[in-house]
Every structure is written in structure tokens, then in C-alpha cells.
Amino acid sequence: MKCYRFVFIGLLLCGLTGCGGGSASSDGASNEAANSTVADAANAGGDSGSSAGGAADSGAGGANGTIGFSVLTLKNPFFKIIADTLTAEAEKQGFTVLVNDANLDVDTQAKHLDNYLSQKVTAIVLNPADRIAIGPAIKKANDAGIPVFTCDLQCVSEDAEIAGHVGTDNYAGGRQAGEAMAEVLGEEGGDVLVLHFKQANSCVLRVNGFTDVVNATNEKRADGKINVVAELNGGGLRDVGHNATADAIVAYPNLRGIFAINDPSALGARKALEEAGKADQVRIIGFDGQIEGKQAIKDGEIYADPIQFPDQMAILTMQNIQKYLDGEEFEKVNLITPKLYKKADADQDPDLQ
Amino acid sequence: MKRLFSEYGSLLVFLLLCGYYSVVTWSEQHPTNAAAGRSLAQSIIARHGVQSDTLIIVRDTVADRVFAKAISSELTELGGHVRETVFAKAPVDAGRALRRISSDDPLEAVATHHAGTQWGPLKVDRLKRLANQLSLPQVPKVHVPESYMWPSFLTWSNILNVFKNNADIAIIAIGMTMVIITAGIDLSVGSLLALSGVISAVMIQRWWGGEDAGLGGLIAGCLIGAGICALSGTLNGIMVTVCHIPAFVVTLAMMMVARGLALIIAVDYQSFLSGGGTKGTPEAVKIDHEAFGAFSNGELFGIPNPILLTLLLYLLAHILMTNTPVGRYIYAVGGNREAARLSGVPVMLVLIFVYTLCGAFAGLSGVMDASRFEGGRPNAGELYELRVIAAVVVGGTSLAGGEGRIFGTLVGAGIIAIIQNGLNMQGVATYEQMVVFGSLILAAAMIDQLKKSDWALRIFELPQRWIKKPRQGETPR
Numbered sequence: 014m015k016c017y018r019f020v021f022i023g024l025l026l027c028g029l030t031g032c033g034g035g036s037a038s039s040d041g042a043s044n045e046a047a048n049s050t051v052a053d054a055a056n057a058g059g060d061s062g063s064s065a066g067g068a069a070d071s072g073a074g075g076a077n078g079t080i081g082f083s084v085l086t087l088k089n090p091f092f093k094i095i096a097d098t099l100t101a102e103a104e105k106q107g108f109t110v111l112v113n114d115a116n117l118d119v120d121t122q123a124k125h126l127d128n129y130l131s132q133k134v135t136a137i138v139l140n141p142a143d144r145i146a147i148g149p150a151i152k153k154a155n156d157a158g159i160p161v162f163t164c165d166l167q168c169v170s171e172d173a174e175i176a177g178h179v180g181t182d183n184y185a186g187g188r189q190a191g192e193a194m195a196e197v198l199g200e201e202g203g204d205v206l207v208l209h210f211k212q213a214n215s216c217v218l219r220v221n222g223f224t225d226v227v228n229a230t231n232e233k234r235a236d237g238k239i240n241v242v243a244e245l246n247g248g249g250l251r252d253v254g255h256n257a258t259a260d261a262i263v264a265y266p267n268l269r270g271i272f273a274i275n276d277p278s279a280l281g282a283r284k285a286l287e288e289a290g291k292a293d294q295v296r297i298i299g300f301d302g303q304i305e306g307k308q309a310i311k312d313g314e315i316y317a318d319p320i321q322f323p324d325q326m327a328i329l330t331m332q333n334i335q336k337y338l339d340g341e342e343f344e345k346v347n348l349i350t351p352k353l354y355k356k357a358d359a360d361q362d363p364d365l366q
Numbered sequence: 092m093k094r095l096f097s098e099y100g101s102l103l104v105f106l107l108l109c110g111y112y113s114v115v116t117w118s119e120q121h122p123t124n125a126a127a128g129r130s131l132a133q134s135i136i137a138r139h140g141v142q143s144d145t146l147i148i149v150r151d152t153v154a155d156r157v158f159a160k161a162i163s164s165e166l167t168e169l170g171g172h173v174r175e176t177v178f179a180k181a182p183v184d185a186g187r188a189l190r191r192i193s194s195d196d197p198l199e200a201v202a203t204h205h206a207g208t209q210w211g212p213l214k215v216d217r218l219k220r221l222a223n224q225l226s227l228p229q230v231p232k233v234h235v236p237e238s239y240m241w242p243s244f245l246t247w248s249n250i251l252n253v254f255k256n257n258a259d260i261a262i263i264a265i266g267m268t269m270v271i272i273t274a275g276i277d278l279s280v281g282s283l284l285a286l287s288g289v290i291s292a293v294m295i296q297r298w299w300g301g302e303d304a305g306l307g308g309l310i311a312g313c314l315i316g317a318g319i320c321a322l323s324g325t326l327n328g329i330m331v332t333v334c335h336i337p338a339f340v341v342t343l344a345m346m347m348v349a350r351g352l353a354l355i356i357a358v359d360y361q362s363f364l365s366g367g368g369t370k371g372t373p374e375a376v377k378i379d380h381e382a383f384g385a386f387s388n389g390e391l392f393g394i395p396n397p398i399l400l401t402l403l404l405y406l407l408a409h410i411l412m413t414n415t416p417v418g419r420y421i422y423a424v425g426g427n428r429e430a431a432r433l434s435g436v437p438v439m440l441v442l443i444f445v446y447t448l449c450g451a452f453a454g455l456s457g458v459m460d461a462s463r464f465e466g467g468r469p470n471a472g473e474l475y476e477l478r479v480i481a482a483v484v485v486g487g488t489s490l491a492g493g494e495g496r497i498f499g500t501l502v503g504a505g506i507i508a509i510i511q512n513g514l515n516m517q518g519v520a521t522y523e524q525m526v527v528f529g530s531l532i533l534a535a536a537m538i539d540q541l542k543k544s545d546w547a548l549r550i551f552e553l554p555q556r557w558i559k560k561p562r563q564g565e566t567p568r
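Residue numbers (the numbering used here), protein chains in the order written: chain A, 14 to 366; chain B, 92 to 568.
Treat the hints with care, since some could be wrong.
27 Å max Cα-Cα, derived BS3-like pairs, lysine-lysine [to be verified]:
| id | chain 1 | residue 1 | chain 2 | residue 2 |
| --- | --- | --- | --- | --- |
| 1 | B | Lys180 | A | Lys152 |
| 2 | A | Lys345 | A | Lys105 |
| 3 | A | Lys152 | B | Lys160 |
| 4 | B | Lys219 | A | Lys105 |
Which chain B residues stay away from chain A? Per the calculated CB distances, all over 10 Å, these [what the hints assert, rightly or not]:
| id | residue |
| --- | --- |
| 5 | Trp210 |
| 6 | Ile336 |
| 7 | Met439 |
Calculated from the structure, these hints are not laboratory results.
Cβ atoms here follow ideal geometry from the backbone N, Cα and C, with glycine treated the same way.
Using the sequences plus the hints, can you model the full thing?
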């Protein structure tokens, strides 16, 4: 009699694991397809090691190996674009890609790397969740002879060996933002707020570039200087950027410009300005060039963005992996310069309405 | 049979999961051990004859060196000849070596492993081009060991990884099990883990000389880090017992305070490092001492230290809970606090003890984390409290208190670890992982309810009743 409830429990849990498997197969359908081509091509090539001696003839037709990609977070569209482009590009070149979401946590990321090692992947790509603490995990990959490539974010741990890095030249982007600010404020200059996110080293570089240009501009001027009146934490998020801006407008009623280190915080700032009725008085410079940011530039809500190229980063990373495996030379550190994107660019952008 | 199921139900689920993932990760494996090297050498001799001239190309790693040595010694033993063994740091080295060696005297065979076949210079078209350029009489043939089919989930290295990487969750779960058995909860464990890691790291770096710290300094630093967490746990316990504040509120507050302190200390330390000129950023506090990483990354008898430590602690906790008065007190307090008090159980002391122990285990995990990442991370252990509670609940401990077993929690932690590992290996995105985890916790809670009430029992007994009822009606009263 009572046995029934254990049957019920059993069914429940079987359903659960089945559920996990189900979502896995539906999501990784393309992966599985790629996997089977790997196996087929290997067999067709005759390197499956028959007793005849197992000569490795595979080279044509796909089976080039597996790439493990530990993404910083798939909740941010920027990294989703990197992941999607990398997967598409790799599949074109006959690789299978395993994409794992580190969820901003280096502990999770280290687990991903350990998994890649026991799966013996061909190469590892990651956006380090912590530029120091990821070191030991990368060292383990070095010891196993698996090359590690970083993308967007860099690893600064000294003993970790990185085969190649592709990222944005954030300092140059910050300088572009500074120049855009000097341009929009004109001769009069004025008070400027910076919405910072100090946790990310990339944002520190952006603000450094920005303040360097602002200081250089001020040196040339007798009056009409640009004053950075406050650096507040915008969290890189809409809500935090909104609240920080709302507070800043009260404290600095003569505010004329805002530099936000990414699009979400810039859009949060815009919302706060609209609520305070100061949207015309204060001009915003953002960063990133995500689709919502570009749309805001077209609508005149943000003045300009230095835009990054996540798709280019993924393509370049994939090219580096291919070159590494082919034994060709390539740039070990490759920084893509951002491009200043204004209303004129947005008007011609086919991706926007 | 029935008893067996209720006692070991979670263990059964654990084994089912292992089986499931073994099936779905069934894939081609490419061995690179000594045995594979020897059989590769034999097949080269079989193919090319005794006079064959072989070049061995492997990567410059420990495992590859063993593999290469096995090939070369077996080849020599069988009468073959090894031209040279190349330890390539990158594929480009393999290409250069191949060009240099082939131009001396044409090669017949190249021995490598599966990873080597993915290198451009060892691909057939490139070898053909090389042979053309150098006008060699023949294209060298590339040989790799035979592959075989095996679940990549069930490899020794993966199993060890799963348990090693989740040792911190498992260890904190011991303390959490005891807290939950007393019908309490501790939300502060994740933050305490970070606090302990950061304090230990700063202590070692600043007061015990960093790189030059002696063993005593390392241990003292870790003890202070873990000790502060134990004291925070004691404070939790005092607040719960003396001040009668609900455990949820007390530990929620402690969670925020501890996380804040960890961040403050880390940022201040970074600022101190830069000479006070700039404000610091909340990054890991790096520990320079070389031996410190050995605590978490080292191994004993081929088994990683964290696994051994986890098993030892579980054994001790099991003895504590089943064979000592303290264990019986903990169950008694959770079962019925008033009854326990009236029977002379020191309720207050028992509660303070379990919260202290929980804090201490979180502190210990923080030290392990700092050792694993060679630095104290102020962001470590985020959302750990929920994962630990999930492990405890999945392991069969009732949130209502009074019920639960230590080894059940170990199995619960294992289940959660394995699900995550399996999903990661398949490359399932976190979006789906969250759905699976949520469903798992819900299912575990349902099982918990099933044990207590019998609503599900009634559902399943319905058919039986329909069959039995007429018969019961027939029997006259």
C-alpha cells in the first residue's frame, strides 16, 4: 500500500531529470548535430584507430574539435552577442562550442574550466569574472596543455598564460567620450557628472580616458572650463543610474552634462532628467552601443556613444584560435578601438526603426 | 523494502542521476596514458615494420611526457627507431620541428594524440604541402591511439572535480543541517565565507609577511578568519535565544553586515596597497604565499584535500548527532522546544552551539575558497545560503525541525553538484539550469510533505478503495 508513494516519488524525480534532459536537448540541438558530424567525419576520415594503425586523416570536413566558452553573464546582451557570434563562427569552421554562463561568479567559472579539462576541449575562451582570482584555474589549463583565450576582459594574474586576448580599447573610448563632451558643451563648459562602475576595470579605464581629455581641454581654456563635480556609482544599471542622477540634479542644479559608463546607466540618467524636467539642459554621453542605446541616440535622448564591437571581438577571437592551431603568428593582445556614434550614424543604421 | 526507500530514497535519486548523465554524455574518448602509448607503438610497428622511423610530437605537459615516454620505450623495445620526441608548447612549435626534422631525412610516421591531430601542421593537406615543398619521397603518416566510447561524466577526473569543487557547499551544509534540525535557519553563511576569506588573506599578507609567512602565520591567519566567523555565529545564536528575534531576521541582518565588512576590508586593503592614493576596488586580495594554495589544490593518496576534509567532517558530525547527548539535544530542541526545556535540555546553549558551528564551518569554507583562488574574494559565496539550504532540504531534512540526517545532507549536496555538472557538460545555459534547480527544490519539499501527511497516499489508494469498498460493505457489522 505505502509502496505507492515511493513509486510516486520515483516518477516525480524521473520526470524531473527527464525535464532537465529535455531542455538540454532542445537547447543544444545544434550542438548535438555538430557533435554527430564530428564523430562521422572522424570515422570517415579513418582516424578512429582501427587495428590497422589508426592514421589520422581527418582534416577536411569539419571535425576540428570542441571549444569551451565560459561567458561572464548571458543576462547582458553584450556578452550574449559575443557568445552567439562565436558559436556561429566556430561552427562555420567545423568546431563545436560549449557555452556556459558564469553568472558574474569566478567560482562558477573555475568549475567550467575544470569541466573543460576533463572533457579535453581543444581551446578555452572566457571573459574572466575576476581578473586575479581566475589565475589558478587558468594555470591548471596551462598544465593540461589546453590554450586559453580571453575576450573583452583581461586576466592580470602573473603566472597564468594567456594564448591570446581580444578586447576593446576602453581608454581610447573614454577619450572619445571626453571629446564628445567638450563638443556638446561648447565654449561655455559647465558642470559634469560621471556615473561610474568602479568594480569593473574596463570602466575605470573609460573614466580615466574621459578625465584626461577633460583636463587637457581645460588647460587650453582661460574660462568655460568643464568641471567634473561628482563621480557617483551608477552600478552599470538603469535603476541605480536613475537614483544617482536624481540625487545629483538636486545637489548640482546647474548640471550640463553626464558621462555614463554604459547604456543602461545612461538611460536611467535620462529617465531621471525627464522626471526633473531638465532633459534639455543636461546632455548625456553613454558607452557600449547596445541596441537600446543606439535607439536612444536616434531619438535624441543620448548625445553620443563610443560603441564597442562584440561581434568583431568574437570573430577575431575565433580567427586567433584558428591561427594558433594552424601554427601561424597572430597579435597576442588585440584591442579594438571603439567608434563614436552620433545621431547622424543612427539615422543611417538599418538595425533601428 | 519500504523502509529502505524512505531511508535511502535520496541515495537512489543520486544513483539514478549518475546513470542518466552517464548515458547522455556517452561519447568518444581519446586516451593519452602510458597504456595508450604502448599500444600505439605496437600498431605503428605493425603498419610500418621494424625499420620504421618515427617522430613523436606531444604537448609540453606532465601527462603528455608520460605518454611520449611509453611510445618511445615500447617502439625501441620492439626494434623500431624513434627519430626524436618533440614537446611542443604550441602548434607553431610542432610545425617548425616537423619542417626541421623532415628536411634532414624523410619521415615515415608521426606519433601523437587526438589533441595533436587538431593542430594545423599535423593535418594531411599541410603535411602534403610540406612534402611537396621539400620534395620528399613520401608524406609522413600520423598515428594516434585508438579511441573508445565512454561517458565523459564518468571519468575519474570529472568525478573528483565535482566533489572537490562543491566541498565548500557540503561542509557548510553540515552546520546548516544542525541549525535546520533545531527548526532555525542561517542565511549569513555565504557572506561569512567571504568575510573569512578576506580576513585570512589580509592577515597573512599584512601581518605575517605574505610571501615569507611561516606555517604558523598561515595557520594563525586562517584561524582568525574562521574564528571571527564562529563568533559571528555565536552572536546569531545569542540574538535568537536571548533576544528572541526570529532566526530569519537575525541571520538576514548578519548576511548584509558580513558582506559589507568583507567589501570594506578588501577595498581598504587595495587602497593601502596603492599607498592610499586611490580608492580601492572590490577585487580579490591576492595571497602571494606559494604553499597556501596547497590546502585546497593539493591531494593526499591521489584524492584532493577538500574531499578528504569533507568526508572526515561528515563522519565526525554523524558521530556527534547519533552517539552523543549533544546530538540528541539538537533533535529534541527541534522536535519540541518546550518539551525539551522541561526535560532539562539546555536549549539556549544548544542553539548557540549550532549557530556557532554553522558560522565556523562557513569560516572554514572561506579559508578553503581563499586557498583555491589564492586570494580572499569579497564577492565569494554569493547566494551560497540558498544552495546550502537546498542541499539540506534535498537531503531529506525537514524545515519544520526535529528531523534529518547528516549523511542525507551529503547525498543532497551530491545531487545538486551532479545536476549542475551534468548540465554544464552538456552546455545547457543557466536559463534552463535555474528552471531545473527550482523544480528540484520543489520536488524535494513535496517529498518532505509526503513523508508527513498522506494526501498523496490517498490519491494512490483510491483505486484500491474502489476495489475494496464493496467487499467492506458486504461484511456485516
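Against the structure, the hints:
1. B:Lys180 <-> A:Lys152: Given that 27 Å is the threshold and the Cα spacing comes to 14 Å, the pair holds.
2. A:Lys345 <-> A:Lys105: The given pair, whose Cα atoms are some 23 Å apart, holds under the 27 Å limit.
3. A:Lys152 <-> B:Lys160: Distance ~24 Å between A:Lys152 and B:Lys160 Cα, so the pair holds.
4. B:Lys219 <-> A:Lys105: Distance ~24 Å between B:Lys219 and A:Lys105 Cα, so the pair holds.
5. Trp210: violated (6 Å)
6. Ile336: holds (30 Å)
7. Met439: holds (36 Å)
The earlier numbered hint that this structure contradicts is number 5, and it is the only one.
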